[in-house]
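Colleague: Here is what each chain is made of, one letter per residue.
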Amino acid sequence: MLVAARANGTTAVATLALGTALFLFWHTFEPAYDTAFAAAGRGPVFYPRILLAIIIALAATIVLQSLFQAPRGQASRQPADMAPDNAGWRALPALLAAIALTAGYVMAFSAAGYLLSTIVYALLLPLVFGHRNPLAIGTFALSYALATWYLFEKVFLIILPKSPWFAAF
Amino acid sequence: MDAALLGLDLVLNWQVLLAVTLGTALGVAVGVLPGLGSVVGITMVLPFTLTMGQIPAIALLLGIYCGSVYGGSITAIVINTPGTPQAAATALDGYPMAARGEADLALGWATAASLAGGLFSVMVLMLAAPQLAAFSLNFTSIEYFALGVFALICIAQVSRGSLLKGLLSGAIGMFIATIGVDQVTGDMRFTFGNFQLSAGISLIPAIVGLFALSEMFVRVSERYAPAVRTDFRIGFKIPGWHAWRPRLLLLLKSCSIGSFIGALPGTGAATSAFISYAEAKRSSPNRERIGKGEPDGIVSAESANNAVTGSALVPTLALGIPGDPVTAVMLGTLVVQGITPGPRLFTDQLDIVYAIFLILIAANLVMFAVGALGAQAFTRILRVPQGLLMTGVVVIALLGAYGVRGNPLDLIIALAAGVVGFVMRKTGFPIAPMVIGMVLSPMIENALRQSLLLTRGDFWAFFDRPIALGLFVLTAFVLLWPLLSLARARLRGTAPPLQSRPGGEE
Amino acid sequence: MTVAKLGIAAAALAGLAAFGLAQAAQAFPERPVTIVVPFSAGGGTDITTRTLAAPMAEALGSEILVKNTAGAGGTIGTAEVAQARPDGYTIGMMPVGPMTTQPHLRQLPYGPDSFDYICMAYSAPSSIVVRSDSQFESLEDMVDYAKANPGKLNFGVQAIGSIPHVAGLGLVEATGIQIEFIPFKGSAPTFKAMLDGSVDMFVAHISFLTQNADQVKSIAMLSDEPVSTAPELPTAEQQGVALDFPIWGGLVAPKGIPEDARAKLETACQDGMLSDAFGERMGSLRMPVNFLPGSEFEAFVREEFARNETLLKNAGLSE
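Chains as they are written, first to last, in this note's numbering: chain V, 13 to 181; chain C, 1478 to 1983; chain X, 622 to 940.
It is worth saying that the hints were derived from the structure and are not from the lab. Here the structure is a predicted model, which means the values were calculated and not measured. There may be inaccurate statements among the hints.
Stated by the list, open to error - In silico DSSO-like pairs for lysine-lysine, Cα to Cα no more than 27 Å straight-line:
# : chain 1 : residue 1 : chain 2 : residue 2
1 : X       : 768       : X       : 876
2 : V       : 166       : X       : 934
3 : V       : 174       : X       : 876
4 : C       : 1730      : C       : 1714
5 : X       : 934       : X       : 688
6 : V       : 174       : X       : 773
Go ahead and model the full structure; you've got the sequences and the hints to work with.
Modeller: Dropping the structure here:
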């Protein structure tokens, strides 16, 4: 799915869009949207329905095209930043780690406060990229987290989430 | 001319000059940081504007305003993450150019184009503010709807090569913008009972995810690929006259588009940048290279978005209608000191008006200087080891996404948008159309439904309004342009293949 | 694993930097108080809050931070306060809309019972405004015209269910006229629509009237008594239609904060509002300074809550 079969990736994305749009289109017929006070005969789902219909039409066309059109014509459009096949697959664990790590960070951001969660995230994410110099990473994580915390909280006056353990951060 | 001298007198003192310098530098700084925009700048200076004198306060605010519109382009170029939505179009060519190692040149184009756009719009403000304000009142909801539909053409223009995929991406973006409260009926849409989601999916977390997070994921996925280039040039390089000369017409056109759209309250710099970019893509002789690091793309987007700054003051000063929080606070500052906006401001208090013109000019010059000096530092960012660079980018981008509304849900939206953006990039779905869709959708929907209320449900009444009709015809014309030129070429017996359409120059 | 060790060291360092930690419990306030504003920075509520925050902090003897949590008509930020820890360190500047109209429009995770009330911080009259070149000079002119041309007048609304909208509903109920409500997104686009002729009138805050004195005029102040800062403008009441729709806001805390903290905040709020800085700012916008202590503010909120519920129900916006 990463890079190997381009047509298949397109098919998958378009199919997902098609399925979601079909579901949401069906959802717009929920009675909750009917009881609404409609303005000039147009209720809250008037406009989204038009968009969903367009999405359904486009997604269906792309699915069909990706299945029946020869993939030859698309090869030339491959962006330059596309990685060679095996390199892409080798990176899959790292990619999943990066996504999981970021998801954890997003959760910890509110739960454990900005400063602490950022220090941990900034220590771990460079490892995913293959950095192995503990001194550099440690210095970076600490100084960067502290600097951004100070910048937002004290200079920009944007109040950031705090941890349950400390009063200040 | 007395008023001009009085205005000069108001501006030429150290407090004002200091305020405009600090304001502009602060504006560039908040613009550079993804997610943060001028609103954060305001929060910081608000306590001072309440107590400092009126002209210095205006200088501070206008500096922030001009600086932040420009600042967003720096991040767009250097790390492919527009610092503000206004700079999203700049990333399309700025980043590919930087990725070639020419960040210094990309910043040069962007900074010079921003300066040109900013100064052009000050001229527009000086020469035609009352007239432009009166003209903008011809734009009711019906015309806004027509303009929004016209602007949608950009989606087609930025997705050449995979038109269907671009259109789908744009339509999905438009749909995403409908999630949350319906502006017209107050109902919840597509929130499935989730209270946090009732705030909707706002643009900034989506941009942060689609650009910054997806960039990080892409780079992780390519960590075993052959090493990316490391010979990034440092510094700031203004392109020479020979490079500018063929682009002067484009520059003028982009400045005009930006100034005109800026004078319509509530449309904004992001819309004008995309319209201008799409126009360059349609008509520039270099259009085949636009999207791959062509200066035309940077020039059209950056001059148009900065050309909004001056002309957005037209409705602010001449009508009392601020277009965004910065102009609103500026208006508040004026009012607290006993100055009433409105058409009479331009006759009764010309000294203040001239002072504002001069401050804007100064802000644009300072902006250029800050950009030229800052480029030394910004271009160095590219040489930071990839893992640390990406970590830093993601942290600050998420911080910005959170800071806009202080809502933890925005972090989850950013993460989801990051994964979506990554998958789209890997499967050849362009991201920019989704952002354009999100920008334009609320304007189109609200204008459409307001118009239907105003015409009591009669859609055909839209065509009774000449400006709206003109925009609809223009939309049809631009959409049919490829077909028209193809037909004409057929008649001449020299049908070119569809991909290399004949240009718009002849 | 050196990196893990570094992480621990980092956490320890961060811990050392913490202040206010192992200190013995002092009287409130021992650390900064955060006021949540449920709208973006730079708006009217935000500026009023920030203007009040400085003198109030001085009176309280503690730093006051302002946090903007915007979204969904202010309900996200209001819910944040309702669900915050009831220790007095997180309070909210809650305006009329999220407190008394939004809960009737949809299911929200809070209501008037979710809060302890500290003080009313501002309350300014609203007014029905028309263009200064409008043919309407009084409420009567407009009502007569509307009765002769039913359904012809357009009434601009800044947001569905906002006080200006509810005031319009009140106007319809009191006079029996037929008007079309056109919703816009905020006051700037609504004003624009009136200037371009799309709408004939809307309800605005008195500071808006002050700001745009050149281009708009008031046909009725929606206040039950003459407005102290603008006594020359006739009220709706004086013109025979009883409409009273102030735009107000006040400080509230999550239910169950210590009474000592609430009382200290109430006193600080009053001192802040009596300060010169706050008074000058309000005066320049012709906004009266209206303080109410917590108990009276609570009674007022409940009264408004019930009144708006009836209006929204009668208009079919609330079930």
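Colleague: Against each hint, give a clear statement of whether it holds in the structure.
Modeller: So, going through the hints one by one against the coordinates:
Straight-line distance between C-alpha atoms of residue 768 of chain X and residue 876 of chain X comes to about 47 Å, which puts the hinted pair past the 27 Å bound. Simply put, residue 166 of chain V and residue 934 of chain X have alpha-carbon atoms about 46 Å apart, too far for the 27 Å limit, and the pair is violated. At roughly 21 Å between alpha-carbon atoms, residue 174 of chain V and residue 876 of chain X fall within 27 Å of each other, so this suggested pair holds. Distance check on the hinted pair: residue 1730 of chain C and residue 1714 of chain C sit about 24 Å apart at the alpha-carbon level, within 27 Å; holds.
A threshold of 27 Å between alpha carbons decides the hint, and for residue 934 of chain X with residue 688 of chain X the separation of about 33 Å lies outside it, so the pair is violated. Between residue 174 of chain V and residue 773 of chain X, the direct Cα distance comes to roughly 54 Å. Violation of the 27 Å bound is thereby established for this hinted pair.
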